[in-house]
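Given chain Z, work out where chain B should sit, using these hints.
Residue strings, one per chain:
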Amino acid sequence: EAGVAQSPRYKIIEKRQSVAFWCNPISGHATLYWYQQILGQGPKLLIQFQNNGVVDDSQLPKDRFSAERLKGVDSTLKIQPAKLEDSAVYLCASSLILGSSGNTIYFGEGSWLTVV
Amino acid sequence: AQTVTQSQPEMSVQEAETVTLSCTYDTSESDYYLFWYKQPPSRQMILVIRQEAYKQQNATENRFSVNFQKAAKSFSLKISDSQLGDAAMYFCAVRGGSQGNLIFGKGTKLSVKP
Chain Z
111 EAGVAQSPRY KIIEKRQSVA FWCNPISGHA TLYWYQQILG QGPKLLIQFQ NNGVVDDSQL
171 PKDRFSAERL KGVDSTLKIQ PAKLEDSAVY LCASSLILGS SGNTIYFGEG SWLTVV
Chain B
349 AQTVTQSQPE MSVQEAETVT LSCTYDTSES DYYLFWYKQP PSRQMILVIR QEAYKQQNAT
409 ENRFSVNFQK AAKSFSLKIS DSQLGDAAMY FCAVRGGSQG NLIFGKGTKL SVKP
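As they're listed, the protein sequences go chains Z and B.
Be aware that the first sequence starts at 111, since it is given in my numbering, and climbs by one per residue.
Be aware that the second sequence starts at 349, since it is given in my numbering, and climbs by one per residue.
Bound-form chain Z, shown alone (with noise of 0.2 Å):
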């Protein structure tokens, strides 16, 4: 079974330009997260969407950051402009359904942002 799979996995950019991060889920997963960790803290989450819909986005800093999840699968997660608290990894998650919190959550090797 293939797991969530990230690009890029590297990215070094200055502030106030522009980023994308993708996410392709595990296959059947509705429930997708993107969480941001910053270096030496825990995953913390941005976003939480089941299928198209989002669930949470209450830390999602909407005056700079956006994501969609236009057709239930993959998954986009943009910042614009960056600054340089935002340099972090980028991990994208995914698990079968909401509502069930015994459902393992999977990682995938996470976007690793640099902002200069």
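Don't read these hints as lab results, they were simulated from the structure.
What you were told as hints is all true, and nothing was included just to trick you.
Capping the alpha-carbon separation at 27 Å, the derived lysine-lysine pairs in DSS-like fashion look like this:
(1) Z:Lys188 / Z:Lys121
(2) Z:Lys154 / Z:Lys181
(3) B:Lys454 / Z:Lys188
(4) B:Lys421 / B:Lys457
(5) B:Lys426 / B:Lys457
(6) Z:Lys193 / Z:Lys121
(7) B:Lys418 / B:Lys457
(8) Z:Lys154 / Z:Lys125
(9) Z:Lys154 / B:Lys454
(10) Z:Lys172 / Z:Lys154
(11) B:Lys457 / Z:Lys154
(12) B:Lys454 / B:Lys426
(13) Z:Lys172 / Z:Lys188
(14) Z:Lys154 / B:Lys426
(15) B:Lys426 / B:Lys461
(16) B:Lys454 / B:Lys418
(17) B:Lys421 / Z:Lys154
(18) B:Lys454 / Z:Lys172
(19) Z:Lys121 / B:Lys454
(20) B:Lys418 / B:Lys403
(21) B:Lys454 / Z:Lys193
(22) Z:Lys121 / Z:Lys172
(23) Z:Lys154 / Z:Lys188
(24) Z:Lys121 / Z:Lys154
(25) B:Lys454 / B:Lys403
(26) Z:Lys154 / B:Lys418
(27) Z:Lys154 / Z:Lys193
(28) Z:Lys121 / B:Lys457
(29) Z:Lys172 / Z:Lys193
Derived list of chain Z stretches under chain B, where covered just means 3 residues or more per stretch with a C-beta under 8 Å from a C-beta of chain B:
(30) 150-164
(31) 213-220
Computed, partial: chain B to chain Z, Cβ under 8 Å:
(32) Ser390
(33) Gln392
(34) Met393
(35) Leu395
(36) Phe439
(37) Asn449
(38) Leu450
(39) Phe452
(40) Lys454
The structure presented is a predicted model; accordingly, all values stated were derived computationally and were not measured.
For every residue, glycine included, the Cβ atom is placed at its ideal position computed from N, Cα and C.
What follows is chain B alone, placed relative to chain Z:
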């Protein structure tokens, strides 16, 4: 709100020895699950073990086991016969409620000495 606290930023263990990583949590959910994830330098989060809060029996996966104390809201991870490949960051996480988001602690960096 749910919170997870890992009080040990770093731990060290000798190869083949046993080490215990601590975790305490707080949640208002009656139905919740607890997880330990391993994160090697590649940064991919790998599930180590999970525990259903309604089960009294502690979960075990090969060399990994947990000590789940529900009343104390404690969920420690024991690694037996430590191997060099166990060196990584370990994150404790809780998941509960209808939305099922994972809440992570700050992690414990485990070093394994040969």
